[in-house]
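Q: Produce the complete structure using the sequences and hints provided.
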Amino acid sequence: MSGVEGYIYPNEVTLYWSVLIVLYPFITGLVAGAFILASLERVFRVEAVKPTYRLALLTALAFLLDAPLPLQLHLGHPERSPEMYFTPHSTSAMAMFGYVYLWYLMAVLVFEIWLDYRRDIVLMSQQSKGVMRLIYKVMTLGSSNISERALHIDDKVGWIVTLVGIPSAFLLHGYVGFIFGSIKANPWWSSPLMPVVFIFSAMVSGIAAVMLLYMATTKLRGQKIDMRCVDTIAMYMFYIFIIDFSLEMLDLVHRIYEADESFRSLNFMVHTRLYIPHIVIQICLGTIAPLILLFLTQIVKLPEVVRKRIYATAGCLALVGVFAMRWNVVIGGQLFSKSFLGYTTYKMELVTREGLLAAAGLTILPLLFLWALVKLLPPWPDKSLHEAATGD
Amino acid sequence: MNISRRHLMILLPAAAVAWKHVLAGTPEDSPNYRMSEHWWGMLIDIPKCIGCGNCVRACQTENDVPDGFFRTWVERYHRSDIHLESPEVISPDGGKEGFPVVRAGEEGKFFFVPKMCNHCADSPCTQVCPVGATFITPDGVVLIDQKYCLGCAYCVQACPYGCRYIHPTKKVADKCTLCYHRITKGLTTACCEACPTGARQLADLKNPNDPIHEFLKTHTVQVLKPQMATGAKAFYNRLDGSVR
Chain X
1 MSGVEGYIYP NEVTLYWSVL IVLYPFITGL VAGAFILASL ERVFRVEAVK
51 PTYRLALLTA LAFLLDAPLP LQLHLGHPER SPEMYFTPHS TSAMAMFGYV
101 YLWYLMAVLV FEIWLDYRRD IVLMSQQSKG VMRLIYKVMT LGSSNISERA
151 LHIDDKVGWI VTLVGIPSAF LLHGYVGFIF GSIKANPWWS SPLMPVVFIF
201 SAMVSGIAAV MLLYMATTKL RGQKIDMRCV DTIAMYMFYI FIIDFSLEML
251 DLVHRIYEAD ESFRSLNFMV HTRLYIPHIV IQICLGTIAP LILLFLTQIV
301 KLPEVVRKRI YATAGCLALV GVFAMRWNVV IGGQLFSKSF LGYTTYKMEL
351 VTREGLLAAA GLTILPLLFL WALVKLLPPW PDKSLHEAAT GD
Chain B
393 MNISRRHLMI LLPAAAVAWK HVLAGTPEDS PNYRMSEHWW GMLIDIPKCI
443 GCGNCVRACQ TENDVPDGFF RTWVERYHRS DIHLESPEVI SPDGGKEGFP
493 VVRAGEEGKF FFVPKMCNHC ADSPCTQVCP VGATFITPDG VVLIDQKYCL
543 GCAYCVQACP YGCRYIHPTK KVADKCTLCY HRITKGLTTA CCEACPTGAR
593 QLADLKNPND PIHEFLKTHT VQVLKPQMAT GAKAFYNRLD GSVR
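Same order as they appear, the protein sequences are chains X and B.
Per the numbering used here, the very first residue in the first sequence carries number 1; after that it's consecutive.
Per the numbering used here, the very first residue in the second sequence carries number 393; after that it's consecutive.
Incorrect hints may appear among the rest.
What the hints assert, rightly or not - Label pairs and their calculated CB-CB ranges:
(1) B:ASP537 / X:GLY222: 56 to 62 Å
(2) B:SER472 / X:ARG353: 40 to 46 Å
(3) X:ILE135 / B:ALA621: 53 to 59 Å
(4) X:LEU102 / B:THR453: 45 to 51 Å
(5) X:VAL4 / B:ALA407: 45 to 51 Å
(6) X:TYR257 / B:PRO492: 38 to 44 Å
Stated by the list, open to error - As a list, the in silico DSS-like pairs of lysine-lysine whose alpha-carbon atoms are at most 27 Å apart:
(7) B:LYS563 / X:LYS184
(8) B:LYS609 / X:LYS347
(9) X:LYS184 / B:LYS501
(10) X:LYS184 / X:LYS50
(11) X:LYS347 / B:LYS563
Stated by the list, open to error - Stretch by stretch, here's where chain B covers chain X in the computed footprint (C-beta under 8 Å, at least three residues):
(12) 83-96
(13) 117-128
(14) 202-208
(15) 338-344
These are calculated hints, taken from the structure and not from any lab test.
Predicted model only: the values in this text are computed from it and were never measured.
Backbone N, C-alpha and C fix where the C-beta goes; we use that ideal spot for every residue, glycine too.
A: Right, here's the structure in full:
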């Protein structure tokens, strides 16, 4: 049989979780990571990262809006997906997706963004014209009080929402890791470390994404990049990356040392079919290389322009590495037979519902969402609004 | 027509067998079937399996199984005397058309292992289904409500035995139903009926008169992958340790 090596159960020839299921944890990871970065400023009072606060929130929202789409596209019967809300199966980890997603979207992200932007929304509803005025009017939800006291209450409530949001972000992404980690039939997935590894790699990818977006948008706007801000972000990324890498290596070393019945099969897979995506892309290129680059910036005093380039390179490599990690979990976990006697191959199609083009589209889509959100709710300080508000 | 007493003695059993087949083809309704009185499983007697593939063909015909997918299949193991943990296994087209002949004097042990859904009492597939489309009936059969299934394939990933697939045209999960449409009418499964050696036997664990009880007492019976703790109900007689 083409693409099959050794013996696999006859129903295992087809891989049912495609590149779209790779995208799903990657995108939710970006959401969780971006939110954690936002919370650094809001809850932990890391003032240096303030320039990215609003951008991080909007990035999280843009990717969260995109997150369920790969799942929908993957389902054999997407029209039945509301059943997960109406008749969820209480023992299923996947059944909780809808609730966790809605909680995170509505109770955390949208609420926090609204609270943070409420003053701006009210001002924009007064200053803009035509359709935009109407949109902003609706977005005020009838609350146009922007007195000192009202804004103070917004700030307090926003702080509480962010506080609730941190465990929610962990829940959202840890839960995605649990979907894989709780499958005892699959030794490549079955690990209690899986949710934790997912959370830390999510933080790395989310922080990297917001850092890159901040650098790119600042450059596009012709503004100067706040180096104190990116230095701090890079420092956090470096430390979280070390934890993430340590956890992944702990998992790997544990598997190698324990060498249970599945080890020979998994070891062969890592040295053959997964060698490029796992060893080369995920570990060497996507983890060790950015870690070395970030380490350099921590121990050597480098000029600003060099640091910027290093951060941009390390950020891109980290995103590639985390994507490769998701790929290796989802696709790698289906390449070997549960008989541990053989292997199959994943053939990505191009223009089918679960093909490369659909995946590329769903990767670009959140950037379009972000563009629209930035247009609607500019994340950078607007002087004219401020002047209007203070009557200068 | 003049039929001698001798001919009649030969014809009567043949007619009885033929009549049984007619009945099997047109099962009667069993309105008196009570789910709570049964707990179904399957006994698979490995030494009796000859790898003919009758069961696979019967299942595909009975249940309209699409080509390339299997509700049941047969594997042939070649367990070497030296590499006990690394058997060579083949299952060409699920063993539907039998297996290539083994050369005389070949080293090691050859044997056939029929596979199917284990109708686990604590099935991981049932646990993970996000909408409960996969469920276990009160009489112990794991079924799928295909009008409800989302086709997410989480159950396919969760099954340790590789028994599930996504139906290529219906786009929902599919697997062995233990011929539920037959067993609730007092018939046996298509695979059991087609097996020429009795290597597969439907077992009702709640029926005290079922021969399974005597068999379990007197034979060395094991389930596949017992470490998975799924409560599998496909019981294998003389299961070799190398079987996965």
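Q: Checking against the hints above, which ones are violated?
A: 8, 9, 10, 13 and 14
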